[in-house]
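Following the UniProt record's numbering, the numbering of the sequence shown begins with 1 at its first residue and continues without gaps.
No wet-lab data here; the hints were simulated from the structure. Careful: at least some of the hints might be erroneous.
As the list claims (entries may be wrong) - Cut-off 25 Å, straight-line C-alpha distance, at most; resulting in silico cross-link-like pairs (SDA-like, lysine to any residue):
#1 K79 with I39
#2 K542 with P575
#3 K79 with E12
#4 K367 with D382
#5 K593 with P309
#6 K41 with Y405
#7 K93 with N63
#8 K433 with Y596
#9 K503 with S206
#10 K48 with Y200
#11 K213 with N498
#12 K53 with V149
#13 K46 with E34
#14 K367 with W28
#15 K136 with P112
#16 K163 with F103
#17 K401 with D334
#18 K401 with F262
#19 K367 with F59
#20 K354 with I10
#21 K163 with L35
#22 K213 with Y200
#23 K401 with A360
#24 K124 with W28
#25 K119 with R144
What the hints assert, rightly or not - Distance windows between CB atoms, simulated:
#26 E587 with E224: 36 to 44 Å
#27 E449 with N276: 14 to 22 Å
#28 K586 with Y304: 55 to 63 Å
#29 K186 with K586: 37 to 45 Å
#30 K181 with T479: 21 to 29 Å
#31 Y137 with E449: 36 to 44 Å
#32 R306 with E587: 19 to 27 Å
In this text, all values refer to a predicted model and were calculated from it rather than measured experimentally. Glycine is no exception: its CB is placed at the ideal position from the N, C-alpha and C atoms.
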Amino acid sequence: MIKEKLRSEIKEEDKWDLTGLYKTEDEWNKDYDELQGLISKFDDFKGKLNNSKDILKYFEFNNEVNLKLENVCVYTYLKFDEDTTNTHFQELKGRADNLLSEFSLVSSFVMPELCKLSKDDIEKFMAEEEGLRKYKYDFDCILRIKNHVLSDKEESLLSNLEKPMSVSEEVSSYLRDADMKFSPIKDEDGNEVELTNTNYERFITSKDRNVRKSAFLTLYKSYEELIHTFASAYQGKVSLANRMAKIRGYKGAREAALDSNFVDNKIYDNLVATVNKHLDIMDDYYAMKREVMGLPEIHIYDIYSRLVPSYDKKYTFEEAKNIVLEALSVLGDDYVNNLKKAFDERWIDIYPNKGKTGGAYERGCYKTHPYVLLNFNGKFNDVSTIVHELGHAMHSYYSDKNNDYAHHQYEIFVAEVASQVNEILLAKYLLNKSTDRNEKLYILDNLMETFKGSIIRQTMFAEFEDLMHKEEAKGTVLTSDFLSDNYYKLYQKYSGKNMISDKEIRYEWARIPHFYYDFYVYQYSTGLASACFIANNILNKKEGFLEKYLKFLSLGGSMDPVDELREAGVDISKPEVIEEALNMFKETIEEFKNIYSEK
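The task is simple: from the sequences and hints, build the whole structure.
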């Protein structure tokens with residue numbers, strides 16, 4: 001067994017360099033102390049955001065505070081994630097969290113005051129103060145949401161209630177991650193082993209069907225035992241979302257959630273309707289999977305078993321880096337040169353160490369450059385993770401470079417597009433280059449899993465979430481049976497006729513933490529669909545498309561996210577964009593079948 005390295009044992013060149021943020025902790029403390037003083041000055045603007053001079057002063061002051069706050073928080077969170085067992089950085093993180101909470105509280109009066117302005121007021125103020133004109137988009141956003149913003153006093157009350165309003169999510173999280181206990185199961189060698197939410201993936205993907213089935217049945221037996229508590233927690237969350245939407249003057253919770261990103265409800269409906277028209281694709285997918293696995297029938301506990309489990313090629317980080325640079329060369333010299341900066345200037349924290357946060361992420365930082373956390377182990381998925389996170393990093397880099405601080409941050413609606421474009425380009429590059437049958441099949445299997453997981457499955461989640469909110473708004477009590485029965489019906493519909501939907505899956509909704517992130521999941525589907533459309537057009541060298549895409553990466557938060565996609569040549573409100581992704585899924589299935597048959 002390989003012993004996990006300590007942070008001190010990792011080479012410096014393999015760690016991210018945070019000296020661009022702070023060379024010493026004394027510098028961090030200086031900014032922290034200054035922020036405490038600055039945050040207290042927000043009160044100076046209370047009751048004064050009604051004239052051009054004070055509004056401009058506020059915008060400039062707010063930018064100054066936010067920029068410094070970002071530096072403090074980014075540095076703190078990155079240092080904490082290097083080694084979460086380090087008590088010193090646990091303490092710094094706590095201080096940074098408190099600062100963020102204080103900032104949120106003292107600035108809660110701002111939006112209610114600005115929402116008192118009329119369109120005529122804003123036009124007059126922009127005419128008086130030239131410096132306000134660059135905030136035209138911000139003013140447009142304020143005018144759109146002003147009817148949904150409450151009074152200063154009411155907003156302050158809601159701000160104080162944020163913690164108790166998150167109790168439903170916390171209860172669900174504690175149930176899943178701390179309180180839930182599972183019966184032991186037997187592994188491939190007949191040894192009795194503990195099952196947990198964390199190691200479930202290892203057993204549900206096992207080559208041994210008995211292990212997979214045992215893990216599946218054992219997991220959902222425990223969920224069934226606590227399903228009434230899960231239902232109560234989710235009922236509370238849905239009820240809160242519906243009531244908050246009503247308080248703010250929205251027709252429903254979905255409209256309120258989408259409006260926060262300036263996304264039209266038609267986009268949500270278009271996604272669900274278009275995917276529903278093409279669900280026959282799942283019949284083809286599961287028929288193929290059943291045949292390849294050599295099973296008389298395929299159950300839910302079979303579908304996560306890899307079709308090419310024997311492929312275990314290993315990569316060094318240098319090899320992975322070269323693959324990434326070559327795969328993304330279609331995005332042009334400027335893009336690749338900036339990617340090289342990420343590698344050469346130590347934007348990336350590469351290897352796992354004891355106490356390091358698991359997984360991978362990118363965190364943008366306007367003052368310096370983006371930072372990327374990895375836990376590289378040399379597998380194909382690690383190469384895919386690099387290209388994914390660098391997609392986020394380049395999106396942040398171009399957005400920061402081409403916008404002032406107030407408009408550098410892109411909306412969550414477009415956040416997964418660049419990362420998914422890169423993943424598709426990597427897969428297509430490797431498929432074209434590879435002469436290894438197993439490697440090709442493995443990559444195609446990965447692609448099929450991506451389409452199934454991000455387009456089909458997330459759309460199913462989106463339909464379930466929408467239905468439950470609408471039912472609760474009508475007065476329906478979301479009992480465990482009501483939630484589970486409706487989830488099971490949707491699961492059967494989205495799985496098709498060639499896969500047996502075992503009844504235990506009816507409790508799966510309780511496993512999904514994203515159901516507590518109001519109408520978030522649909523963006524995985526729209527993001528991948530947009531990425532497929534963009535990647536296809538770039539690879540097919542459609543005239544002007546690469547330039548449009550690079551412009552999209554540079555827009556930051558300067559316009560509505562749906563309009564930003566239109567700048568990239570993507571109209572996500574149209575069925576064609578979703579259909580192109582589904583067609584790519586179909587083509588991937590056919591390509592897999594063709595290569596698999598060439599034995």
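Hints, verified against the model:
1. K79 with I39: The hint holds at about 24 Å.
2. K542 with P575: 20 Å, holds
3. K79 with E12: Within the cut-off at roughly 14 Å; holds.
4. K367 with D382: The hint is violated at about 28 Å.
5. K593 with P309: Measuring from Cα to Cα gives roughly 16 Å; hence the hint holds.
6. K41 with Y405: 20 Å, holds
7. K93 with N63: Judged against 25 Å, a Cα distance of about 22 Å means the pair holds.
8. K433 with Y596: 18 Å, holds
9. K503 with S206: 21 Å, holds
10. K48 with Y200: 56 Å, violated
11. K213 with N498: Judged against 25 Å, a Cα distance of about 18 Å means the pair holds.
12. K53 with V149: 23 Å, holds
13. K46 with E34: Roughly 21 Å separates the two Cα atoms, so the pair holds.
14. K367 with W28: 14 Å, holds
15. K136 with P112: Holds. K136 to P112 sits at ~18 Å (cutoff 25 Å).
16. K163 with F103: 15 Å, holds
17. K401 with D334: 13 Å, holds
18. K401 with F262: Within the cut-off at roughly 24 Å; holds.
19. K367 with F59: 18 Å, holds
20. K354 with I10: At roughly 10 Å apart (the allowed maximum being 25 Å), I10 and K354 satisfy the hint.
21. K163 with L35: Answer holds: K163 to L35 is near 23 Å, not above 25 Å.
22. K213 with Y200: Between K213 and Y200 the Cα gap is close to 11 Å, so the pair holds against 25 Å.
23. K401 with A360: Holds - the C-alpha atoms of A360 and K401 are around 24 Å apart, at most 25 Å.
24. K124 with W28: Violated, because 41 Å separates the two Cα atoms, which is more than 25 Å.
25. K119 with R144: 10 Å, holds
26. E587 with E224: 36 to 44 Å: This hint holds: roughly 39 Å between Cβ atoms.
27. E449 with N276: 14 to 22 Å: Since E449 and N276 have Cβ atoms about 21 Å apart, the given range 14 to 22 Å holds.
28. K586 with Y304: 55 to 63 Å: 21 Å, violated
29. K186 with K586: 37 to 45 Å: Distance hint for K186, K586 holds at roughly 39 Å.
30. K181 with T479: 21 to 29 Å: 24 Å, holds
31. Y137 with E449: 36 to 44 Å: 38 Å, holds
32. R306 with E587: 19 to 27 Å: 20 Å, holds
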